[in-house]
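Keeping their order, the protein sequence lines are chains A and B. For what it's worth, full-length UniProt numbering labels the leading residue of the first sequence as 1, then goes sequentially. For what it's worth, full-length UniProt numbering labels the leading residue of the second sequence as 1, then goes sequentially.
Treat the hints as calculated values from the structure; they're not laboratory data. Glycine included, C-beta positions come from ideal geometry on N, C-alpha and C. Treat the hints with care, as some may be off.
[What the hints assert, rightly or not] Just a few of them, taken from the derived set where beta-carbon distance is under 8 angstroms, the chain A residues facing chain B:
1) L408
2) F415
3) A483
[Unchecked claim] In silico EDC-like pairs for lysine to aspartate or glutamate, Cα to Cα no more than 20 angstroms straight-line:
4) B:K137 x A:E271
5) A:K252 x A:E394
6) A:K351 x B:D262
7) B:K89 x A:E304
8) B:K93 x A:E304
9) A:K293 x B:E270
10) A:K187 x A:E29
11) A:K67 x A:D166
12) B:K145 x A:E467
13) B:K144 x A:E467
14) A:K220 x B:E275
15) A:K228 x A:E395
16) B:K217 x A:E485
17) B:K145 x A:E40
18) A:K180 x A:E40
19) A:K293 x B:E161
20) A:K569 x A:E500
21) B:K189 x A:E653
22) A:K515 x A:E501
23) A:K228 x A:D468
24) A:K569 x B:E161
25) A:K293 x B:D118
26) B:K144 x A:D514
27) A:K180 x A:E149
28) A:K384 x A:E394
29) A:K351 x B:E266
30) A:K293 x A:E277
31) A:K273 x B:E105
32) A:K351 x B:E268
33) A:K273 x B:D107
34) B:K217 x B:D23
35) B:K93 x A:E29
36) A:K351 x B:E275
37) A:K293 x B:D23
38) B:K217 x B:E25
Chain residues, written in single-letter form:
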Amino acid sequence: MASTHAEEPLAEDTADHDAHIYEEVMLSERMEHSQRLAVEELITTEASYVHNLQLCLSDIRAHLQKKQLPGLDLEGLFSNIDDILHVSRRFLRGLQDTATQEHEQLLSISTLFQEFKEEMEMVYKIYCASYEHALLLVESYRKDPRLQEEIMDTLTATVPHTSASDLSFFLVMPVQRVTKYPLLLGKILENTPANTSTHEALAAAVRAMTQVNANINEYKRRREVATKYNKAEQLTLRDRFARLNTHSIAKKTTRLSRLLMHEAGIVAKTEDKEYDELEEKFQSVASSVTALKENVASYLQHLEAFLLPTPHRCELQMEEGPAQQYRRFAEHLHRAVFPEFRRRLDRLVWKPLCRLAEMLVGPQQLVKKRLDKLLDYEEIQERKSETGSVTYDEEAAMNTYLAINALLVAELPRFNQVAMQLLGQLLGSFSVLQQDLATEVLHEAKKEVEQMPHGHMLLPAFWRMVEDTLQQSGVQLRTFIQAFETVTPSPLLQPLNPAEERKVLSLVSKHGPDKLYQVTSNVSGSKDMDLTLQRGQIVALLQSVDTKGNTGRWLVDAGGPRGFVPAAKLQPYSLGPSQQPKMQMPALESGTERRRHSYVSPEAPKPQVATFTPAFQVVAGFSFTARSPQELSLQAGQPVVVLEPHDKKGSTEWSLVEVNGQRGYVPSSYLLTVPVQEPVGWSLPV
Amino acid sequence: MSWIPFKIGQPKKQIVPKTVERDFEREYGKLQQLEEQTKKLQKDMKKSTDADLGLLLCCPPGSTARRWDLYEAAGSCNGPRVTRNAMSKAAVKISSDLLSNPLCEQDAAFLGVVTAFDTAMRRMDSFNQEKVNQIQKTVIEPLKKFGSVFPSLNMAVKRREQTLQEYRRLQAKVEKYEEKERSGPGLAKLHQAREELRPVRADFEAKNQQLLQEMPKFYSSRSDYFTPSFEALLRAQVVFYSEMRSIFGDLTAQIGRAALSDELRERENEGRLGELRALSIVGDD
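Chain B on its own, in the form it takes in the complex (with noise of 0.2 angstroms):
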């Protein structure tokens, strides 16, 4: 880059052309954006570490969009936190804590029914487990990598800006000398002045241009960089709902009767209840 000319016209603060600021806000500016969000987004990842359901729908696709407002993980919200790993655990509470009810020693039939809901249950859990690992790998992990360079990014950009400042200040100087008289002494801190001023003019520019070539080029990778994540999240969706079909089909055949439909099986409950109701022993309100 060569030497700006030093035009003496130049009006006294705009000494860098407008075009090249906001060319530069822009793209900061989106990379800020870009920062706030990946940032947001591995939060609430990390919120839901075991969740994978619940995970990854708040795991907003592009996590780099622009005001993206994510899908709270669960968690992020004042309930609870809730992960779908959570729902799994609680699901095989259910069965384990049938399990040990007495019931089961009384009653074979009824053990039969719970330890095939048991078994179904624990396989899922740690289908479900696996999910979260490979979760884990393949979108956290990343995404907490990408998020590791803006540090140094906004180190750079701080930089820039002192530099600015710096180069600010002795243009000023440099103004205000040649306002002055130019005779001897004068003309020399002149000198002086601009012999200062150069350097750091030009080490501005370096690094505006430094910048300018390298924030577009960062943001752009983004969608190479994430592509295999979400790419992983939706295979990894598919494997263990694929296994929890599978489970749940076996089991259903067992104790489910699957060929009931819901109008059915709502007229059967009624009938149970019915049928407990009429006893003088149960209470009726």
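Next comes chain A alone, as it looks inside the complex (with noise of 0.2 angstroms):
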């Protein structure tokens, strides 16, 4: 207790040594005293605190709370003062454990402060950051009427016997504690004697306090610059322009003058290696997350407007086997999986993505604003270093360069950690979904397959069966184009007269045979360079398109005049290779080829594989009764074997066929002359 100090006993002063003794006993009473009512104070303050917290929020933010009050930000008044309860509430009842240890409790409680420093540190500082903007919307609160009158309203409900004129009493009471753990504790300090293992702990729990209210007080800071800064501004061009004045001018054209001064290395740049690595990498995430941002972007896109269409309920014709799986599958991919997908995409990868995008613009605009200060820094400090004054306004601009710097070379390996993270857990992430979509198609597709007739077959046996059967398809259909192909043009029912096979030798001769076509229908021209054309004529084809690049009309040669006809009243028309265009042919007789007329019904002998040489066949155009034993009777359609073109008197009207063996006269006009097409008959089907 009372420290001795030596004392040297004076003979004539035993009543001043009693004195001395007193005063000394006297003092150290009265400093015991006043250090308990020094530590009585601290409880019983804090526990009115906690008591007023208490209020505050179950009472008066409830209370507001239930009003619903649109215009009323209980976030941004009330900020984190639940942290605040909960911490005190424990620190609260840790000093009031202490009350029970008699000597012990003034490094109980040293120790209860050290203890919970952090903590208070960290919930005292985000509320006391954010109390001026508190504060602020106490004040706008108070302008608007009807919400001050509810405010008021719920003060006079809830804590009627607080004179509590606004919320403010309340909202500044943290603010307000943390400052006084100090001066509490070193109330204490003061009342303690020195040199005592309790005065060591008491000082260096003050010591703490001070800190934390030191840090609390530079995150404030921090935040307030931060705050002002880090907003990328959206100014019109007006709004700049604006801006523009003396001074704004001025200071834009110093920082530009001594950032060229950076560049051409006239002026050295203030090196800062830690702060410069971290800005290269700052950037380096900044970049990788807008490149990833970008691509995951157009990946969806695609995704989305693969998604877009919708498949559509169809009659199938084709009921049942693979096709009908296939649809199935489809259907379901496209109803359940890939929406499925997508989704997941969205929320585990595209919005936090998003976000994490969001959160680059602050400190991109602080990096951009410190390097602006950091010029107008370097300007200072020269003229410091020249004048060796500095005005106030420099030496707050010199301070927010500190500041902002400051803050950065703090926060930004955090935020470069962080987000990193965050990068390669979304990444993990795109890697699982495919995985999962993946499966799912594949379950699903497996699913399938099982029923298809060759589901169990080995891949490269299957890949071989495929190919020969798409082989032998294409066969089938190569049958089928030629079965079309072989329905036969009409026959011609006209002979060609002498003057058209004439025409038609010098068309041969002028274009080649394989450029005849025949007129099948009467072709009357409409335009100007149009022909007009008999059914039956020989033309030669000069170009299949007209023009205008119409393929529907054709340029031909009609032996004459030129024009165009249209493409579909035309048929090709074939000469045969060795063909002399002419109706008695002595050739026909030669036996040894008999070339075969392609004018046959269906019934007619099937297995007319055509001989591709196309030539001329005369027949009976129609029937006919022979009158006299020297005519002979025709059938229409039979073909005949012309002996002779005309009659023993030369004239021309009869001429002699062979028909059946049977030899006679029958009337010219009765014959045709019809060219052979190919190829002959029908190709049999498959």
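Got two chains here, separate frames each, mind docking them using the hints?
Structure, rendered in structure tokens:
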């Protein structure tokens, strides 16, 4: 208790000596007393503080919350007061526990503070940093009569015993409390005799709490600086112009010149290696986030467009089998699997990525601002070294730079680290999503494959089989094509008259036999260059397209006039290779090559596999009944062999023909010359 | 086919029995639709040439279906031409861009993650390409071939039509002469007209019959024809997605921490975002 100091016993001063001792005892007693009072004060004020916090929260805030006032920002006002309450409650309990310990109480109190200092710093700094904002809110609400009324009403309802006129009465309490701790501790300390362990402990506690307050202030300052500069400003051009004044122009010019001097090497850049590294890394992080976001966006866009068309209900004509199975599979994917994939992708990758990208803005702004302020700073530094002093504003500017710099240096590492962790997480999620998608689709596909005819075939065998089948199918298709192509063109009823024959010959010699076409029905030209032709005329193709590029209109040579005819009215006309386009063929009599005629009815002997040598064939166009022994009866359609194209008298009206071994005369006009078209007959279907 | 005996009592225009005409129309109608759908399908498939999944989902099973509105290959809608292959390429871009980012030089762990990711993407892309090639062979080509039959068919039908017109014309002529006096020159003309008519009629009958025979055959051939294609489509899917599953299974084992549920992942992401938000340098809106 009382420290005994060496006393010099003074014979004559026993009274004094006694007085000294008395004084000392009194002093130490007083100290003890004060100390006890101070400790009590600490505990009781803490208790009342907690009580008020409770009031604030559960009564006032709850009351306001119930009112559901739209203009009221409860979050902004009360911030993290819950956390403070939580911490303070525990702290109070700890304090109250120490009351039972007599000698150890002070030590316990000191230890308690040490235990709690970090937590306190964490919760109080947040609260204090947003306190200014809260005050602004209170002020603004005061100006709104309706809100103000509501608030007053709440206050009177919940805490009538206080003389609170507005919320700030309560809101300021935490701010006050945390600054009080060092003071309260200090009071205890000064009433504690020095050179004791308790004194040490208490002193340490005081230092700790002072530090906490310093940190809170620092944090607050940084937050202010950050908030001031980390918004990207959306200024219109007009706004920007409005901002220009001599001051700002001057400022910017100075900065610019300084920057140029940096670049040119005239002036040394302030090297801050630590910062530069940090910034570089930050820029890499920013660029990878941006790139990733772009790429995922494009991926999603593709996925979106891919999912956009919806499968339609259809009536299938392929009832069973792989086609139906495939459809089931495709529908399921489209309806369920892929939308699920997209949804998960959205939640687990895209949205977080967007938020991350948004968060880049703040630091990017600050980095920019820092550079500006650095230039200012250097400028001012120079001037300072010249003139020796700086103005208040300049001092402030320098401090701003320092604050920003400190802020960035302190927080960028954390930002980079966390951002990269998040990126890693997102990539991981993406991978898992792909895996899940693949598994789903595979499951579905396998299900259907199981049921398919060749589902169990091994792959190489399967592909071979498919290839073979397709090849066969290809062959089959070709036969179909042939089938359709052998539908014979109409036979022409008119034999070629001599004039026409000559024309045909000349066309052949001019253009070649493969360019001949026959008009299938009368053509009457309507436009300028159109020809008017009769059915049965032969023309030669010059161009299968007209001047405007229309492929339905062909340019032909009609053996004199040239012009356009509709292509639909032409059919190919072929001459035999060694063919003389004359009807009376001695050549026909050479039996070596019987050129067959293609005009057959389906009942005609089928195996007329095309002898693809086209030729002329004379047939009877009409039936004819012989009326004299020299004449020969004909059936329409019968092929005949013309022996002589005239009768004994030389008249060409009659021709000597041979049919079925019989000979006789028939009217020449009853005879047709029909070219053989290729191929002959129908090819047989598959 | 024998000559259809010339019945005087037949109504003027009705030279082809209604049933015959109806049959023909029906069969040809089916084929016309088939042609339309084949064309459309082919167009859509062409549009997503590189697509695999996108392509396949747009390939309507039974492209020969009636009134089939196709899954529009992404691309036949107005948006950007989208194909699964485009998706595949986009995925590759994700990883390759990250790989070229300086972060990879600075941070070894990050480099590891991104490299693994990149490898996986490239492998998937190459399998995708294989799948596309396979489909090109087994689906698109056959489709083209199938479609190439139609021009011939259409020409044949046209020719039949022309013959029919001719037939009608001559028929009318005959009927006209029949109504006139039946004497001397009139008779001769009538006779001649009949003679002209006969071959034409025969020709028409022939064409008609042939087409009536062949068309249904062709139509029903589509089922067998396309079956292998669909089987091939599905098998190709199986192949591709098996690979994809194993590729990403490996990748996830490396970087993905597969066991996490979606909720956990979301919470993790929120956690990180929250940490970032707590920083002063990040503006909070």
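Hints, one by one, checked against the model:
Against a cut-off of 8 angstroms between C-beta atoms, the interface hint on L408 of chain A holds, since the closest Cβ of chain B lies about 7 angstroms away. Interface hint status for F415 of chain A: upheld, as the beta-carbon distance to the closest one in chain B is roughly 6 angstroms, under 8 angstroms. Checking A483 of chain A against chain B by beta carbon gives a least distance of about 5 angstroms; that is within 8 angstroms, so the hint holds. Of the pairs offered as hints, the one joining K137 of chain B and E271 of chain A is violated, with about 64 angstroms between alpha carbons and a cut-off of 20 angstroms exceeded.
Between K252 of chain A and E394 of chain A, the direct Cα distance comes to roughly 15 angstroms. Compliance with the 20 angstroms bound is thereby established for this hinted pair. Of the pairs offered as hints, the one joining K351 of chain A and D262 of chain B holds, with about 14 angstroms between alpha carbons and a cut-off of 20 angstroms not exceeded. Of the pairs offered as hints, the one joining K89 of chain B and E304 of chain A holds, with about 15 angstroms between alpha carbons and a cut-off of 20 angstroms not exceeded. A threshold of 20 angstroms between alpha carbons decides the hint, and for K93 of chain B with E304 of chain A the separation of about 18 angstroms falls inside it, so the pair holds.
A threshold of 20 angstroms between alpha carbons decides the hint, and for K293 of chain A with E270 of chain B the separation of about 17 angstroms falls inside it, so the pair holds. A hinted pair counts as satisfied when its Cα atoms are at most 20 angstroms apart, and K187 of chain A with E29 of chain A qualifies at roughly 16 angstroms. Between K67 of chain A and D166 of chain A the alpha-carbon distance is near 17 angstroms, which keeps this suggested pair within the 20 angstroms criterion. Proximity of K145 of chain B to E467 of chain A is assessed by CA-CA distance (about 14 angstroms); at most 20 angstroms being required, the pair is judged to hold.
For a cut-off of 20 angstroms, the pair hint linking K144 of chain B to E467 of chain A stands: about 15 angstroms separates their Cα positions. For a cut-off of 20 angstroms, the pair hint linking K220 of chain A to E275 of chain B stands: about 18 angstroms separates their Cα positions. Annotation: proposed proximity of K228 of chain A to E395 of chain A holds, straight-line Cα distance about 18 angstroms (limit 20 angstroms). For the given pair, K217 of chain B sits about 15 angstroms from E485 of chain A by alpha-carbon distance, which is consistent with the 20 angstroms threshold.
Between K145 of chain B and E40 of chain A the alpha-carbon distance is near 100 angstroms, which puts this suggested pair outside the 20 angstroms criterion. Annotation: proposed proximity of K180 of chain A to E40 of chain A holds, straight-line Cα distance about 14 angstroms (limit 20 angstroms). Distance hint between K293 of chain A and E161 of chain B is unfulfilled; the C-alpha atoms sit about 62 angstroms from each other, more than 20 angstroms. Between K569 of chain A and E500 of chain A the alpha-carbon distance is near 18 angstroms, which keeps this suggested pair within the 20 angstroms criterion.
Taking the CA atoms of K189 of chain B and E653 of chain A, the gap is near 18 angstroms; set against the 20 angstroms cutoff, the hint holds. Restraint check: the Cα-Cα separation between K515 of chain A and E501 of chain A comes to about 15 angstroms, which is no more than 20 angstroms; the hinted pair holds. Between K228 of chain A and D468 of chain A the alpha-carbon distance is near 75 angstroms, which puts this suggested pair outside the 20 angstroms criterion. Restraint check for K569 of chain A and E161 of chain B: the C-alpha separation of about 12 angstroms stays at or below 20 angstroms, so the hint holds.
Our distance criterion of 20 angstroms between C-alpha atoms is met by K293 of chain A and D118 of chain B, whose separation comes to about 16 angstroms. Distance hint between K144 of chain B and D514 of chain A is unfulfilled; the C-alpha atoms sit about 29 angstroms from each other, more than 20 angstroms. At most 20 angstroms may separate the alpha-carbon atoms for a hinted pair to count; K180 of chain A and E149 of chain A exceed this at roughly 33 angstroms. Only pairs whose Cα atoms come within 20 angstroms are accepted, and K384 of chain A paired with E394 of chain A is accepted, the gap being roughly 10 angstroms.
Taken as a hint, the K351 of chain A and E266 of chain B pair is honoured in the structure, with Cα atoms around 10 angstroms apart against an allowance of 20 angstroms. A hinted pair counts as satisfied when its Cα atoms are at most 20 angstroms apart, and K293 of chain A with E277 of chain A does not qualify at roughly 24 angstroms. Distance restraint check for K273 of chain A and E105 of chain B: the Cα-Cα separation of roughly 18 angstroms lies within the 20 angstroms cut-off, and the hinted pair is therefore satisfied. Restraint check for K351 of chain A and E268 of chain B: satisfied, since their Cα atoms lie roughly 13 angstroms apart, inside the 20 angstroms limit.
Only pairs whose Cα atoms come within 20 angstroms are accepted, and K273 of chain A paired with D107 of chain B is accepted, the gap being roughly 18 angstroms. Taking the CA atoms of K217 of chain B and D23 of chain B, the gap is near 14 angstroms; set against the 20 angstroms cutoff, the hint holds. The suggested pairing of K93 of chain B with E29 of chain A is violated, with an alpha-carbon distance near 81 angstroms, which exceeds 20 angstroms. Using a Cα cut-off of 20 angstroms, the hinted pair K351 of chain A and E275 of chain B holds, with the two alpha carbons roughly 16 angstroms apart.
Distance restraint check for K293 of chain A and D23 of chain B: the Cα-Cα separation of roughly 61 angstroms exceeds the 20 angstroms cut-off, and the hinted pair is therefore not satisfied. With a CA separation close to 15 angstroms, the supplied pair K217 of chain B and E25 of chain B stays within the 20 angstroms bound.
Comparing the model with each numbered hint stated earlier shows that hints 4, 17, 19, 23, 26, 27, 30, 35 and 37 do not hold.
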